[in-house]
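Read off the chains here:
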Amino acid sequence: MEGIFAIWQRDILKFFRDRSRLIGSFAMPFMFLILFGSGMSGAMSSMLGGSEAGALRDFDFVEFMFPGIIGMTVFNTAIFSALSVVQDKEFGYMREILVSPMSRVSIAIGKVLGGSTVAVFQGLLMLVFVPFIGVSISFVTIIQLIPTMFLVAFAISSFGLLIASTLKTTQGFQMVIQVLIFPMLFLSGALFPLNGLPFWMDILVKINPLTYSVDMFKKIVFDIDAMTPELIEAMGLNLSIFNHVISFTEEVLVVGAISLVFVILATYKFSTTEA
Amino acid sequence: MPTIVEVKNLKKRYKDFEAVKGVSFDVEQGEIFGFLGPNGAGKSTTINMLSTIIKPSSGTATINGYDIVQKRNKVRSSIGLIFQASTLDEKLTANENLMLHCKFYGVAKKLREERIQEVLQIVDLTDKRYNIVETFSGGMKRRLEIARGLLHYPRVLFLDEPTVGLDPQTRAHIWDYILKLKEKAGITIFLTTHYMDEAEICDRVAVMDHGALIALDKPVQLKKNVGGDILEIATEDNVTAKSRIEETYQTEVLEKEGILTFQVERGDEFLVQFVKEFEIPITSVNLRRPTLNDVFLNLTGREIREETVSQKDRMKQGRGH
Numbered sequence: 000m001e002g003i004f005a006i007w008q009r010d011i012l013k014f015f016r017d018r019s020r021l022i023g024s025f026a027m028p029f030m031f032l033i034l035f036g037s038g039m040s041g042a043m044s045s046m047l048g049g050s051e052a053g054a055l056r057d058f059d060f061v062e063f064m065f066p067g068i069i070g071m072t073v074f075n076t077a078i079f080s081a082l083s084v085v086q087d088k089e090f091g092y093m094r095e096i097l098v099s100p101m102s103r104v105s106i107a108i109g110k111v112l113g114g115s116t117v118a119v120f121q122g123l124l125m126l127v128f129v130p131f132i133g134v135s136i137s138f139v140t141i142i143q144l145i146p147t148m149f150l151v152a153f154a155i156s157s158f159g160l161l162i163a164s165t166l167k168t169t170q171g172f173q174m175v176i177q178v179l180i181f182p183m184l185f186l187s188g189a190l191f192p193l194n195g196l197p198f199w200m201d202i203l204v205k206i207n208p209l210t211y212s213v214d215m216f217k218k219i220v221f222d223i224d225a226m227t228p229e230l231i232e233a234m235g236l237n238l239s240i241f242n243h244v245i246s247f248t249e250e251v252l253v254v255g256a257i258s259l260v261f262v263i264l265a266t267y268k269f270s271t272t273e274a
Numbered sequence: 000m001p002t003i004v005e006v007k008n009l010k011k012r013y014k015d016f017e018a019v020k021g022v023s024f025d026v027e028q029g030e031i032f033g034f035l036g037p038n039g040a041g042k043s044t045t046i047n048m049l050s051t052i053i054k055p056s057s058g059t060a061t062i063n064g065y066d067i068v069q070k071r072n073k074v075r076s077s078i079g080l081i082f083q084a085s086t087l088d089e090k091l092t093a094n095e096n097l098m099l100h101c102k103f104y105g106v107a108k109k110l111r112e113e114r115i116q117e118v119l120q121i122v123d124l125t126d127k128r129y130n131i132v133e134t135f136s137g138g139m140k141r142r143l144e145i146a147r148g149l150l151h152y153p154r155v156l157f158l159d160e161p162t163v164g165l166d167p168q169t170r171a172h173i174w175d176y177i178l179k180l181k182e183k184a185g186i187t188i189f190l191t192t193h194y195m196d197e198a199e200i201c202d203r204v205a206v207m208d209h210g211a212l213i214a215l216d217k218p219v220q221l222k223k224n225v226g227g228d229i230l231e232i233a234t235e236d237n238v239t240a241k242s243r244i245e246e247t248y249q250t251e252v253l254e255k256e257g258i259l260t261f262q263v264e265r266g267d268e269f270l271v272q273f274v275k276e277f278e279i280p281i282t283s284v285n286l287r288r289p290t291l292n293d294v295f296l297n298l299t300g301r302e303i304r305e306e307t308v309s310q311k312d313r314m315k316q317g318r319g320h
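Quick note, the sequences are listed as chains A and B, same order. Numbering-wise (numbering that gives the first Met the number 0), the first sequence opens with residue 0 and increments by one. Numbering-wise (numbering that gives the first Met the number 0), the second sequence opens with residue 0 and increments by one.
Just chain A, with the same shape it has in the complex (with noise of 0.2 Å):
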């Protein structure tokens, strides 16, 4: 247990001493939310032909995309945490933690909670861009938010050191995150509402688990209630499989059972780990 804590914390201590990783995390929300999104939410309202009156009036793409991003952050600092894990194999400290008697499958366990415990924090930081475009986040919202993110960085984590274990270099598993980042990333509604999209393509979105927890983020982050049909159907807020509506229960169980199917392969993975 104490193992588990350990590389927990190991990881906890650099998160928070290398301040560069810390302020270059607000680099890429911020080139989607302000630039990207304040650039974009012109074109889209203009697109949805609502600008002045009608029913999708209300809609700001900026206000729109902050769970996205919120999504996002948590998904891409979760993956690349278990960028540790192969750079701890290069510069060998991996030997020390695989030569010690703690069991195999606590190391696994203790990278997986340290990187998800970062990916929330992380996650939370980007609540500093709320004043900024015009959102209102309640303190019962955030604290809805931690266990979600917590829950969704704890998929991804698993996801990411399955991938870690894999892999040798740095580089090798650099390329095959960013391969995998932005199909995911575009495919998740994180960026843009997913409507009127090809079938083969709906078929990708609905098997991609970031589907489901950019949706949870959505759902808690957004008053459902408070909006017209119209305005749900723009946003994609009404994401359903096979006709039924998918309630933030389902997509809760949806993704506890991916990250329960992850951190098994990886752990597995893992195990089989030489020093």
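Heads up, a few of these hints could be off.
Below, simulated DMTMM-like cross-link-like pairs (lysine to aspartate or glutamate); rule was C-alpha separation at most 25 Å, straight line [as the list claims (entries may be wrong)]:
| no. | chain 1 | residue 1 | chain 2 | residue 2 |
| --- | --- | --- | --- | --- |
| 1 | A | K13 | B | D126 |
| 2 | B | K73 | A | E1 |
| 3 | B | K90 | A | D10 |
| 4 | B | K102 | A | E232 |
| 5 | B | K127 | A | D87 |
| 6 | B | K140 | A | D87 |
| 7 | B | K54 | A | D17 |
| 8 | B | K90 | A | E1 |
| 9 | A | K13 | B | E95 |
| 10 | B | K127 | A | D10 |
| 11 | B | K90 | A | E89 |
| 12 | A | K13 | B | E133 |
| 13 | B | K102 | A | E89 |
| 14 | B | K140 | A | E89 |
| 15 | A | K13 | B | E246 |
| 16 | B | K90 | A | D87 |
Everything labelled a hint here was simulated from the structure, so no lab data went into it.
Go by the hints and put chain B onto chain A.
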């Protein structure tokens, strides 16, 4: 002295290459046991098997009474490991590295502070405790690693080439620490090296070559077995001189870089006689006591340092050269 490491016919096979060909030996508690041999002789592979990093293909070994395959975690708690390459987290402080190690090895909470102070004192790093490891010199990092390896009070400390890549002064310091350890903690030290002078410090030395143990004894005894002294000469005609010496004195002469080397009994008396009698003009003469390098030379016909061929090459060449 009780036995702390027992190795019986340990083998490691990689596909068609046998890295370790069935070695057997015992290490007694409290001794400094050295593994000497050229790179690729199987020293590290043996140490890696003993320290549970890799599994042996066959054979058994016990450390502190625990089987290295069946009781891996017990073995891991009983040993400390210092690798050739650094395994410190350089972004953390010395203290953090040590604290994490205590947690990995389950050192009781109330003992940690005391142990950390103790091991830092052994390696003279007390005043660097809260510094980031990145700022340390190579020698300091090595010392910190040794300190860390001691935190959980291992019964056996494995040091794989502990001083490789360090300057002579730092090497000497590291050895002071190792000897201090032996005296103070009664810890058993198991090390590999290809430095002759380091092997001399060991209580017993096992000489390894091509995956097999070819000699195991006290350094003094090993050198005695070489027989007599070593005479190194250069002449104006080495080829003739070589055959002449071999004929006259019935001894094997090795030629390398223009120097003829051979063994003689009572070297000082022999030398006087030899210089007087030998017809071919001699350009230089050197008489010395045998070193462990001569031991290796005597056993294998090669010098330890010559060994730069890769493992693959050696596989092709086999043993007979």
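Now for the hints, and whether the structure bears them out:
| no. | hint | verdict |
| --- | --- | --- |
| 1 | A:K13 <-> B:D126 | 23 Å, holds |
| 2 | B:K73 <-> A:E1 | 17 Å, holds |
| 3 | B:K90 <-> A:D10 | 11 Å, holds |
| 4 | B:K102 <-> A:E232 | 53 Å, violated |
| 5 | B:K127 <-> A:D87 | 23 Å, holds |
| 6 | B:K140 <-> A:D87 | 17 Å, holds |
| 7 | B:K54 <-> A:D17 | 38 Å, violated |
| 8 | B:K90 <-> A:E1 | 22 Å, holds |
| 9 | A:K13 <-> B:E95 | 11 Å, holds |
| 10 | B:K127 <-> A:D10 | 23 Å, holds |
| 11 | B:K90 <-> A:E89 | 14 Å, holds |
| 12 | A:K13 <-> B:E133 | 14 Å, holds |
| 13 | B:K102 <-> A:E89 | 23 Å, holds |
| 14 | B:K140 <-> A:E89 | 17 Å, holds |
| 15 | A:K13 <-> B:E246 | 71 Å, violated |
| 16 | B:K90 <-> A:D87 | 12 Å, holds |
Comparing the model with each numbered hint stated earlier shows that hints 4, 7 and 15 do not hold.
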